[in-house]
Amino acid sequence: MKRLIQSIPAGMKLYYAVLVGWMLTTAMHIPDGYLSPVTCIVMFALVLPFWARGVKKLREKLNAKTAPLVALLAAFSFVIMMFNVPLPGGTTAHAVGGALIAIILGPEIATIAVSIALLIQAVFFGDGGILSFGANCFNMAVVLPYVSYAIYHAITKNVTITSKRRLWASALGAWAGLTVAAFFAAVEFGIQPALFHTADGTPLYAPYPLSVSIPAMVIPHALIASVVEALVTVAVVAYLLRANKPALQINQEAQAPAEVGGFARWRPLWITLGVLIVISPLGLLAPGTAWGEWGTEQFASLGLKFIPTGLASLSSLWSAPLPDYDLPALGNTNIGYILSAAVGIILIAIIAWLFTFLVTTGKKSSNNIAASQGK
Amino acid sequence: MAQNSFVESTLVEINRTLEQSVFAEQIAREDGLLQRFDPRAKLIGILLLLIAVGSTHQLWVLGVFFVIVLLSAVLSKIPLWTFVKRVCLLVLLFTSLIALPALFLTPGPALWTLPGAVIITRTGAATAAFLLLRVTTSISLATLLILTTPWNDVLKAMGILHLPDVIVLILAMTYRYIHLLLHEANDMFTARKSRLLRPLPRAQERQLLGATGGVLLSKSLSLSSEVYLAMQSRGYHHYPRTLDDFQFHWWDGLMLIISLAVLLSVLFLA
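These protein sequences, in sequence, are chains Y and S.
The first sequence begins at 1 in my numbering and counts up by one.
The second sequence begins at 1001 in my numbering and counts up by one.
Only chain S is shown next, with the shape it has when bound in the complex (with noise of 0.2 Å):
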């Protein structure tokens, strides 16, 4: 029951959370094939390899770019199985269980019986293995892009795709604030949970949740105008500015070049 309390599990999520966005920091800085790609160019490149991979219709080509996504990660100095065990536990645990009876349940013919004349369709196979790497090779993607790139340079990159400006400025804050108001999270649940000798019960933990709730909430309006006053008094004239230094190499040419050919030629080939 302790472990199960309302209090333990929403402090074990935010620290995961925590812990997760450092790890990402710290391989972002490391130096590997993935981390001297330009991020606008990774940021689109993988883009266009996700719309292949989400059009295809062939399960050897999800194959061959799942494997190619495991090499990459590989060559960017990502932690094979760390990486692995972040793609395939989300799948493992929540499409394969959505996956499973579509197994039985799609209508074709039959692939193999089991015991209690329950039967496996061959559609139902296929549709379940185009389900499963689908969604691992889109996530893995998008994790390369997530572990390889530091959070500012992709907000920056976002620039790329238009959004507009106002909309590039509450990002970065938003980005900064989750880590403050997390924090902040952190200690109200901690705070209590060193005052408590036992579970609560469920009525007084839901008055907790209302109340913590609350509190950030209180706390998040009260800090947006004092940011507000923070950004005024240090010149901000309602124009966000970045600095931008990103270099446009060659090799982000190549591999936008190669993207974009992966992408036409799983379209109009495969």
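Just chain Y, with the same shape it has in the complex (with noise of 0.2 Å):
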């Protein structure tokens, strides 16, 4: 199979990456079909922590103005999403607008914003799919907004509203949101012909491994897509600097009381432990078992002529639920590669939040009996 590869003139594997690549760049409203249902379904529960973090954020921060706001700013990011910005050498291409309403209002919101945008091109203008709405709006609605807005509120923090570094803090910040949603689209295609694939090895959906679909990705949206968010970025907010400062300012304003959260503190670490919860099968790959890991049928494998005794009788003692992270009824590996990371990490969570709650309470109410005996 290799040797069928390779017979395949280098000139061409080039050309169709690029043609691949250039394709690709207008593919971040990824359409039903290049997506199994299992990885859509994973992609809603990714996405479902951030959209009950909006709405709440929607009821709880700001006042019922915001309703309009929100409803206002996502017609907004529905319509920028419109314009052909022209780059140079004549071509054209799209804005997202998230790292824009990110900076605006923060990513909370923004998450809310362009996911209602998404919903409505998915359902009222075929644009992106409707079972892959999860993974469009993870990787348009979180990803995008989140970086951005991460990379943007690093640089400006103490900085002043009428500040010059606002500007190429949010062109950065846009730029990077996007390459990093590119990357993020580039996973999602690319686990599925690993994943899902028929007896004969035909990939069922997006046919291209990660090896070719994470430069076609990343590359082209790096170059263009995200030159193209950052340009759009740029102007907005170099047009607000100018005429409309206090625009600038509302999320400031509504952040003044702002707590970080459990959750907020530790978000880098929850969307990295969800991206591995997803790409967990790529273990799969790799042939063999993890070194010292063995179970007893395998030491024979191993070249070992008997079972240590001890071994063979302590094995037999716990036989898990989830044996080598595999549910049989299911019928797919994968899935149960997935579900078992799922649970396991859901498990792990339960057992550390049950450890400090039994270790912090304590704590707690005897800081409030000696505040209430200070007072």
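By construction, these hints were calculated from the structure, which means they are not laboratory data.
Every value quoted in this text rests on a predicted model; they were computed, and no experiment measured them.
For glycine and all other residues, C-beta sits at the position ideal for the given N, C-alpha and C.
Some clues are possibly wrong.
To be verified - Chain Y side only, calculated, beta carbon under 8 Å to chain S, not exhaustive:
#: 1; residue: Val55
#: 2; residue: Leu72
#: 3; residue: Thr202
#: 4; residue: Pro215
#: 5; residue: Ile219
#: 6; residue: Ala222
#: 7; residue: Val232
Two chains, two frames, a set of hints: combine them into the complex.
Laid out in structure tokens, this is it:
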């Protein structure tokens, strides 16, 4: 099989890689059919906490004015996605606007606004799939605004509202945000052929492995689409600096009493964990068992003539509910793997939470008592 | 160069979107097959079928689905050519170009050798066919829903998916103001275009883009506070209400049962 791939002329491979890359730059709106339903469900599960967080913020932090504000900004995001941005060389491309809204309203509200724009695009204009809506939201309404905002916020933390630093901070944030979003989209595409194929190896969904999809998505995005996102963001921020400075301060006013909650503080960790869950079946591609984690039946294949008696007697003491991270009833190792990863992390989280709960409740109540006595 | 200009291409895109949504509302008012179903049943039914299309491992199942979708489009008085054009243009422009390299790059037994020792593999052909058929069928299913249901009904139907009411409210307002902002952007670009004698240099185009985007954003922001005041003066009290006059008929139930049966048979038989 390797020979077959090698038989393709190198020039053609390059040509197609460029072609695929070019087409994929407009593919941030993943249509239905590229991702398996299982991936779609996992992506919905990954976005859900961000939606919940956005809705909570909508209801609590800001006042009742928020509904029309978010509606108008979602509409704005929809319209800005239609602007054909002129690029050097006579081509044009589109922006998402997620970075801009994150800079103005904060990433939580941006998640809701961009998700709504994406929903209207998917349901009413057929742009982006309905099953893949979760994946599209994860890439464009979660990764893009959060990454952009983190960078923008880090650079402009102690800067006056009129500072020119806001310009390149917003450009850099938008560029990085969309490039990272493209990387996530590439991972979603790239895990499909290894995870979902027929018995003879025919990929059922997006056909290219990670080794093709990541460079094909990330390189053209970094060079074109992310540059466009940065251009639009910086152009509008520059205009607002000239003509409407209060707009750039909306989020700062609203965020004054912001208290970093348990989830927000560990947000990067949660995101990384989510990604790791999704890509966990990659481990199936590697042959063999992790060193030192052999089961009793694998000792023979390692060349061992006998099984240590202690191990033999102990190994039957506990039979795991998910042996080898697989649910045989599902009939699909990969789903079993993803589920196992998710179940494992949820279990660990519950145990950790119980532990900290038990340890800290005593402390808190004693603190409260001390405080009330102090009064 | 003139056709390529940023102002013109954006104008074309904006008008195409406005035209599309007007066209959809027109078809949705026709008296066809799918228009008679309860929007809630239609939404759930199409979701179930989308999952079925997404899950099947058989090419012929995808083919059968596509033919049925085309038949229902005809029975729902959607002009077939417009429908096919709208669906296939998207797929041809985009998915077929992505599927093409898979013919050669997917490892597998050779199916056909092109001149120049380029080999199309059997698995490559199968995977390209899967991608094309699946995307085409999914898009056409979603398009059926869009074209046969007025927007307000889809929105109300989404209530059964247990969307938070604040989200339903925002969705309704967003759709309304998308049209307003599109007209707004259209006016701004038309005004600019009518004062142009020749295409702008690229640098100026980018400046124009920033200014138009910025004005649009400022307008959105000030409009949002006006809308809020208007809502308050009409008695909005933090709780959106909708009129619910859907009627669930026996044929809606039948459609749901059939969709579910199709999904289950795809999941467990094919």
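Comparing the hints with the structure gives:
1. Taking 8 Å as the C-beta cut-off, the interface hint given for Y:Val55 holds, the closest approach to chain S being about 5 Å.
2. Hint status for Y:Leu72: holds, given a least beta-carbon distance of 4 Å to chain S, under 8 Å.
3. Because the closest C-beta pair between Y:Thr202 and chain S is about 4 Å apart, less than 8 Å, the hint holds.
4. A distance limit of 8 Å between C-beta atoms decides the matter here; for Y:Pro215 the minimum to chain S is near 13 Å, and the interface restraint is violated.
5. Restraint check, Y:Ile219 versus chain S: the minimum CB separation of about 16 Å is more than 8 Å; hint violated.
6. Annotation: Y:Ala222 was flagged as interfacial toward chain S, and the flag is violated, the nearest CB pair being 19 Å apart, outside 8 Å.
7. Checking Y:Val232 against chain S by beta carbon gives a least distance of about 6 Å; that is within 8 Å, so the hint holds.
In the structure shown, a violation is registered for the earlier hints numbered 4, 5 and 6, in ascending order.
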